[in-house]
Each structure stands twice: as structure tokens, then as C-alpha cells.
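What follows is each chain in one-letter form.
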Amino acid sequence: MSQLDDLKTAIKSRLGDLECVIGWEQGYDPLHATPLFIRSEADLDRLIIGPLAVHNLATYLTGWKGKKVGVVVKGCDSKSVIELLNEKLINRDDVVIFGLCCDGVVSQRKIRAALPADPGFVESVEIGADSLKVTVAGQAATLRLDDVRADKCRVCDTPDALVSDFLIGKAHTPAPAPSLKCQDEFEAKSDAEKFAFWQETMGRCIRCYACRNACPMCVCRDYCIATSRDPLWVSQENLPSENMMFQMIHVSHLAGRCTECGECERACPVDIPLMLLRRYMNKQVRDVFQHEAGKALDQTPPLLTFKVEEERINERGW
Amino acid sequence: MPAQDVRELRIVGFLCNWCSYGGADTAGVGRFTQPTDLRIIRVPCSGRIDPLFIVRALMNGADGVLVSGCHPRDCHYAEGNFYARRRLEMLKRFLPITGIDERRFEYTWVSASEGQRWQHVVTEFTRRIHELGPAPSFNPKSDVDWNALAVQASQGQGCPCHGSIQA
Amino acid sequence: MRIGVFICHCGSNIAGTVDCPSVAATALTYPDVVFSTDTMYACSEPGQDAIIQAVKDKNLDGVVVASCTPRMHEQTFRRAVERAGLNRYMFEMANIREHVSWIGKTKDLNTGKAAELVRMAVEKLRRNRPLMAKRFETTKRVLVIGGGVAGIQAALDCADGGQEVVLVEREQSIGGKMAKLDKTFPTVDCSSCVLGPKMVDIAQHPNITLYTCAEVESVGGYVGNFQVTVRRKATHVDWTKCTGCGLCVEKCPSRKHPDPFNENLCNAPSINIPFPQAIPKKAAINASSCLMLTKGKCGLCAKVCPVKCIDFEQKDELVNVDVGAIVVATGYDLFDWHKYPQYGEGRYKDVITSLQYERLLSASGPTGGHIKRPSDGKEPKNVVFIQCVGSRDKSVNRPYCSGFCCMYTAKQAILTKDHIPDSQSYVFYMDIRSPGKLYDEFVRRAMEEYGAQYVRGRVAMIYPKGDKLVVRGADTLAGTQVEVPADLVVLAVGAESAKGAVQLGEKLRVAPDQYGFFVESHPKLKPVETNTAGVFLAGACQGPKDIPASVGQGSAAASKVLGLLSKAMLESDPAVSRVNPARCVGCGKCIQTCPFGAIKEIQDRFGNPKAEVIDTVCQGCGICTVTCPQGAIQLEHFTDNQILAEVNALCPPKMFANFE
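Residue numbers (numbering that gives the first Met the number 0), protein chains in the order written: chain A, 0 to 317; chain B, 0 to 166; chain C, 0 to 659.
The reader is advised that the hints may include incorrect statements.
Said to hold, decoys possible - Taking lysine-lysine and the DSS-like style, the derived pairs with C-alpha atoms no more than 25 Å apart in a straight line are: (1) K140(B) - K193(A); (2) K609(C) - K64(A); (3) K609(C) - K67(A); (4) K506(C) - K306(A); (5) K188(A) - K140(B); (6) K306(A) - K599(C).
Stated by the list, open to error - Some chain A residues close to chain C (C-beta under 7 Å, calculated; not the full set): (7) L84; (8) L88; (9) C219; (10) Y222; (11) D229; (12) P230; (13) L231; (14) H252; (15) L303.
Claimed, not checked - A partial selection of chain A residues facing chain C, derived with a Cβ cut-off under 10 Å: (16) T61; (17) E236; (18) S240.
Hints were generated in silico from the structure; no laboratory data involved. Keep in mind that this is a model prediction, so the values were computed, not measured. Yeah, the Cβ is synthetic: ideal placement off N, Cα and C, and Gly gets one too.
All chains should be built: construct the whole structure from the sequences, respecting the hints.
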């Protein structure tokens, strides 16, 4: 039986006790998936998994708090579930976790860049072992899966779900790259270059809050301080500084909590590479607190606790 | 807004009421002369200082931000500065990726009796900020800048890796 | 809003380097400011009256005073504003003295800075709202920590004032350092004769509960309602039965450990009553040397005890006490003089501390009041006193003057002559510090009537020569080097903070200074208060002090306690955190980080978890406000919007286009 069939069997076995199970189905065209809320066995036919099932479905869990739901998670998504559990934002008893052993997902952005022209509507997609055949306007293009893999998959050390009630698929031995070239290159730039870069990218930001809404750890929803008058942290002015302020709020509230699922960057309609900020903050958290959000159950987020002597903070050093 | 005096840069201080604000008072009582750039905002505890206040000040064009609280273990509220230390350290380490010079932000501990230490901290920090000079503004200063930025943005100079397949 | 601004000249303190009228004129351009003026002394009675008058005349609903630090006069002006009929929180202060006029030299820069600080205060005030205090009851009981003379005085005064007192002492008996002294200056009256009756009063006072061999384990709560846990250390003697007959002390065969009460000059039995006047007069076993407790054999004391009160199985006991106020009177300890190589670092038996000398002089001491030097028990003829050992010396991190050493050295020189008429005393000193009633006269008597030779200079080294010690030092007045052959050398060691003071300070949330002495609220105007409401200081724990000053502070602390507890109800500071239940998602992060347990989880009417602040427990630190990502819990008077307004006032957001 295939991984998908195993998953369907597992979901079927629990669907009766659950409000719904969150998975993926095909979206407006064969290239794009969209979340699927499975309420009956009939819905199961539409379920898909694989490299196109990019969404981190853990994002929906806090919205279902208090109800029993199931969720299908990849390895990276499972970290978000763990972090939500650690912060008591969801109850373990209320969630049935269908964990996948994941072979990696694609980056739509990279596919778009790799195709000769903007694809618009894709007619068909054939997924091979290590290639992707995309047909647009009658013309087929074959892309190497490796070339269009999402950044997070290149450095992924948790392809298999870390927490699950059902673990489906064959376990992997992850071989993550030590770091991403684009991240290293960006970090190596001068302050002036980095500053100019953010000035420009934040000038693009339309503050649609897609990054926030896609983020599994952004649980404030209607009460986000970036969109409130009391407290009034960000003005309505469409200025790079205000947009950056919003991003800094997002980074600051995710410090020690971000599981690097990459949803913010994926959701951004104007291609702002938000993960540059996330990955850098996570690196600092790892360096100072030796903490990785979502890697283990029963961890306290590092900014919600302290040590009297901090071995790795040299606050008197200046 | 009045034209800024070139002799002064804009430095914002966040000081806890019990130790550092008292230390700054002690420095005043002792007539320990200091540069005048610093403007102090009094908060009850360094634990009240949201790192985002500092970001807000920097985004608004502050040239430097100085935070000071009670020495570790001496917090009037027992634990406030322990939380502050973690939060502020994270901010300080994060600033480089934004291109904001992390030297524009500093945090330290000064007790109510350390008037001289406060004088030293203010003098040193102000000297450092003057060496760095006025902070660049995040926002375009004129229509010309604004248009240039808009053109750049329309060309979509995104993440260096987004344009190419090689990551 | 209608805001009035008052720029204080503070005489010339501010006006000297700040153009106050110009600041007042600038302030008038700020939003909502309808009245602005400069005033000579805002805190004076006419100054306050002028504020009140302006509030009434101009129909103000908020006041900004730019003057000294709010740590000085915020309360003064809040009361004035209240007298004018406004809520006390509709007031802000700009500190243009300590933070401007006293530290900046350039007048135009100072004036600009002052104007901006006023702008900041105005912007904050525009976002203030009236806050009302909550009232709560207090526990009518006082904890006094430390049973030296300061603590004794504080305990007695509180008890006489009708409060219940719990006195906790670390040692076996109360009395502290004073109980070890032979005589006191400048009257040369017997120390234990003066102190003894007070100690007895402690034991007999119906309002006082005494715990000796006890230490404060933990302190929780807040002014009016502290919860204190006291650890009563095992004495292995049932004190409810012990009569203090002393039979056990007499029979104890283990006498190998030094006697701390006698400053280690002699050994003490393992079961002991430290001195005849000890309060409580009960025996206690030293667990580290007792044969029964270390080796499991002996038990002689248990056999001879007529009331069978020895209990080798006794364990430490924790006692919980609720109190409304705490007096800290933990005193001082002596500087460890062994750090000084020039005094032999402990190689010479006849180099002793002044407190050891005090025990040699005392009739209840190890020599029965005869001065015998430790090495061979001979009566010394030449006694050399060296002052400022561990005082006024930066090289050992003790730059402060211990204050009382000059006086007790003079006293000891006088007593030496009284005990040994053919003796000669020499005193090496830096300066004589004898301010105090009859103090300088006393030192002069030591020199003139008792012939003590005062040599102004430091001692470079002490070396042995035969059975004598030669003290070599400088005589800076004569400009020569001097060598004095001494039979006995007495070091006037200075005071340092008591052992464990810093740790106790952490429990009490009272900050120690860099030397471990507790910091008072204000060096002049609040000498016994601390920055933690309800905790007061008495005696040398605040800084070195002689007996009269310690007693005076003990009484002062007691009067503060009595004043506090005489109120039927206390008012809590309304500047505490408040939850906006609509914004709260019930994640409980604030509950997790609150150091005081002041936030609890409740359920709203839909069963959703929400945070709620317990007003009287909240101390107003604001840790929770920063923890909450939704900004749902806001510290009143220091809300996000108030602080952001201050930030924006200092760094006005740069607008690309003005849409107004």
C-alpha cells in the first residue's frame, strides 16, 4: 500500500471521533495544493500528499481549540505542533496527529522562476522520482525536483514527524546541508547593504498580514498589536519603517518560538525573504540558550524563563 | 520640528526606577558632568522594557538607545532584570541582520549608588554614538528617493536566492 | 485635555544652567498645554499653592512639573495635585535638575533638553488616566532580624508600642557585638551592665517571641502582609525544659573547638552557654564537635542533665510567621585582617584584633579580666594599637571609614592603663575621627591623662625579636621612621557587612551597596526606610555605626513600623497590571513569568481561560506586559501607549507626507 493509502486508512479509523481532519487537496490548478478539511469519508478521495502539499496545517489548530480535530503533518509541521503543545496553546488530548515521513516539498516560487514564462494556469503536473513535469499551454517542461525544493528542505533535519499518533511512511536518515548559501551570503553583507536591502523590500510590503496569518505560532489573531490602536505600535502610514516595525514585532514575538516552517515567506505575495530574519533569530537563540523551538516536548520557550547566571551572555563585556 | 543641533545626537535611555534612574540621580547630585544627548525614559523595572520600544525608537530615527537596570540579583522585583537580560541580548544579537549597527544599542547595569559608573556609561556610550554619527533613516527623505525605491521594488529584488535556481 | 506646566528654578540649581522662562514658553506650544509658567521653588508652600491655584483658575485637568527627580518630590506634587481636586495620577514630572542642570554645562543645550523632557512628560500625561488605590488590611506583627543592640531596641520599642514582635537571631544568644565588649566609650561604663537589662526585657516582654539559633529562610508577600519562614536550627537541647543550670557545660569532655563568643581566644565545650548573661540562658550543642553527634559515643550531658532535655535526634524546624513589617538589624562583621602581609598574616600570636582585646579586658572573658597575651600569658607592658586596619584602604576594597575604631582604640588605651598602671600604649593612626558628644574630649584624655602615645603614620611591618614584636612604621609628623618594641599588638579592624547580608537582601528585595551594606531609601531624608515598602533598617547593617547611633536607628525604625501598622488599612499602589479580557487569549504566559504569583487564571462566562491580576499582590514591575504578545495585560501608568508616547515625543516619527 502506498503512503497515501496508509494515511487514508489511518484517518478513516479516527474520523468518527473528530470534528474534522485537516489535510491537503488539489487547488485551482494541478500545481497548487490547498488545505482540505475532511469531515466525511467521501472527502478522503480528494486528499493528496507529496511535494506539492506545502502548507503547514498546524496553523489551523489554535482556531479549533476546544474541539477534537486531526491534522496531517510533515516533519517540519510537527515542530509547530510541539511548540503549540509546549505553550499550552492546544491540548494534546484534543489533537490526533497523522505524522508523515516527508521527502521534501517544492517551492512554488522556484518553479515559477525555472519555467520559461510565468505559468499562469498549469494544465498538468507529473511527479516523478526526482523530477517534475509541468505542462503549461500545451508545452511541457521537466524540472529537477532537487532544483525546485524549498529552502527549508535543504537544511531539514526532521523529515519525519516528531510527534504523532500515526506515523506514516518510511523513516528517513536526514542529511541536511549545514546552512543555506543565500543566508550565508546575506549575513556576510555590510550593514549598509543589508540596511538598503530591507529599506527596499519593506518599501514593497503591502502589509497584507499574510505572513502573520500563515504563521502557526501567531496566535493573537484579531488582537495582534500590529493592528490595534491600544496599544498603538505601528501607525497606518505606508512607510518602510512602519512595515519594518511590523516585521520586527513578528520576529520579536517569535524569538525562541519560531519553528522555521517557512510559511511566512511562502505566503508573502511580494516575495519578501522573511526567512532571512527568522533563521538569523533562531541561530541567536540556539547560540545563547541552546534551544530549538519544537524539537522536544516540555521545553519552556527561553524568553519565558531565565537563569541567574547566564553562561552565554556577557552583558558586562562592553 | 526644529533643526537638530549638530552638537547633539538623539540618544534615548530606558532606565529602571529603582537602580539606574537612582544612579543617574546620584550622578546628578554629585555634579558628575555628562554629555547632554541622552533623554531618559523612566520605567519601573528593566523587565518592563519591551525590546520593541527600542526598535520603535530606532525606527523613529534615534541614533542610539541605552538601557540600564539593576545588577543581576539586585532587582527590586527580584526577577525583572533576568528576563530583561534575555530579551535585550536577543535584540542586540538580532540587529546585525537588519543592517542597523548593533553598537547603537547597549544595555548595562547601574545601581542607585553608582553615580560615577553612570557618568562613565553615558560618556562612553555618547562618545560611541558620535563616532558612528547620525543613524541612516529607514524612510525615503524626498520624492526622488521615494520614486527610486518604488522603481527598485517593482523590479522585485527579492532574496538573493529567489531569482536563481542555485541556492 | 487642559494641561498646566510649571518649570521650577530650584533657586539657581536649575535656573543657573537652564533658561527656565524659555522652557516655559516652549511648553506652551505643546499639544493640550493651556498654561505654562516658571516658578522659583515649585515644592515650597507658595510654589504648591500656585499650582493648586492654577488648576482651579485655568480649569486644568493635568499638571506637569519640571524640577528635580521624581524619586524626590513626585509624592509631594501628587498630593498637591490631589489637594487641587485632581486625581494624583494626572500628574507627570520632568527631571530637569539631576538629569539636566546638574550634569550639563552648556546652557542652550540644557535648555533644549529640558524642553524636550517637558514635551515627553506632556505626551505621557495626555495618555494618563485617573487611578484609584485599593485598601487592604495589615498583619499587626513585626519581624526583627538580628538581636544586636539595634534589633533589641527596635523590638522593645515596637513591643512597647503594642505590636507583637518576632525577634530572630542567628547566634545562640542575643546581644550581638555589644555583648562582647567590656566597656563602652566615652563614659567607660560596663557594656553588659547597660545592655543586660534590655536583654532581660526582651526575654520577659509579653509581646516578644524570641527565636535564637534561627535564620530567615524565605520572605514572601508585600507590605502589611509578609509571609516569613524562619529556620530554627537544631540545638539538640529541648529549650522548653532547659533551665540553664550549666551542669552539662561543666561535664562536657569535648573542649577542642574554639569559642566564637570569646573570638577564638580559648576553647569552648561542645555543649555550651556562651556567656553568663546570655538570653535565652539555654545550652546548645555544637554538632560539628560533639562526640555523640560526630562519633556516636559519649552522651555525658544527657546523663547529667537533671531535666533530661538533651535530644540528639533534634532536627531543624521551620516556623511560618505572618508579619506586617520587617526591621533588618543584622549588624556587621569584622574585616579579615589576615589579608595584610605587614601584620604577619596571623603568624604572630600576639597580634590580635580589638574585639579579642575586648574579651581579654572583660571580667567574663577567658582571662577573667586580666590582660594576658596569648603567646605566653605574660602581662604586656608595651601595647601598640594600629588603627584603620581594613578601613579607608582602597587596596583591600574598604575605602570607607568604619567610624568607631578611633573611639574604641582610645577607650582600650585608657583601659590598658587602668589594668596595668606601668604600661605604655602607642597608637598608630591616620586621622583621629571623633565627632560626637564628649568624643574628642575622650580621645584627648587618653593622650593627656593616660599618656597614650599617638603616632601619625602607617605601620610598614611587624617582626619578632626575642619574645617581643617590633612594630616599624612611619611618623609622618616627625618625618621619621619609628620602631616600637611591643609585647602585644592590637589591630583596630574595621567593620564590613555581616556574613550572609547579600543573600538576606535578595530574600527581602533590599539591595546591598557594593560593600554589602543595605541601601536606605534616601541618604538623608529616609535613613531607615528601604526601597521595599514595609522593610526598615536599623544599626550597622546600613553602614558602620557606634552604639548610640545604632540604638537611635533601632528606635527610628520602630517608630516607622508603629506609624505604618497604626493605620487600620493600607492603600495599595494602583499602578498595577490590568488585563483587558477581550484581548487576552488565555495563554498563561504572564502567569508563568510573574515573580509574585500575582496573576491567576480565571474563566470567562464562555468558559475561556483568561488572566486576572490580584491587585494587592501585584508589585507593578511590568514583566507581564512585555511577556504578553497581544498587549492584553497592561501595567497601569506605564502602559505601552504611555511609553510609546514618550518614545515618539523624543524621536518624532519621520513622515514622508503629511496627510493632515
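Legend entry - Interface hint compliance - T61(A) to chain C, C-beta minimum distance less than 10 Å: Hint on T61(A): holds, closest Cβ of chain C at ~8 Å, below 10 Å.
Inset, instruction - For the pair we were handed, K188(A) and K140(B), check the Cα-Cα distance against 25 Å. - result: holds (24 Å)
Legend entry - Satisfaction of hint between K599(C) and K306(A), Cα-Cα up to 25 Å: holds (24 Å)
Inset, instruction - Answer holds if the nearest beta-carbon of chain C is closer than 10 Å to that of E236(A); otherwise answer violated. - result: holds (7 Å)
Inset, instruction - Would you settle whether the hint for C219(A) is holds or violated, based on the nearest Cβ-Cβ distance to chain C being less than 7 Å? - result: holds (4 Å)
Legend entry - Hint check: 10 Å Cβ-Cβ cutoff, S240(A) to chain C: Given a least distance of 7 Å, the restraint on S240(A) holds.
Legend entry - 25 Å Cα cutoff - pair K140(B), K193(A): Holds. K140(B) to K193(A) sits at ~19 Å (cutoff 25 Å).
Inset, instruction - For the pair we were handed, K609(C) and K67(A), check the Cα-Cα distance against 25 Å. - result: holds (21 Å)
Inset, instruction - Please verify that hint: P230(A), Cβ, nearest Cβ of chain C, below 7 Å or not. - result: Because about 3 Å separates P230(A) from the closest Cβ in chain C, which is inside the 7 Å limit, the hint holds.
Legend entry - Holds or violated: K609(C) to K64(A), with C-alpha atoms at most 25 Å apart: holds (14 Å)
Inset, instruction - With chain C as the partner, please determine if L303(A) meets the hint condition of a C-beta pair closer than 7 Å. - result: holds (5 Å)
Legend entry - H252(A) as an interface hint toward chain C, with CB separation required under 7 Å: H252(A) check passes; min Cβ-Cβ to chain C is 5 Å, inside 7 Å.
Going down the numbered hints, you'll see the structure goes against just number 7.
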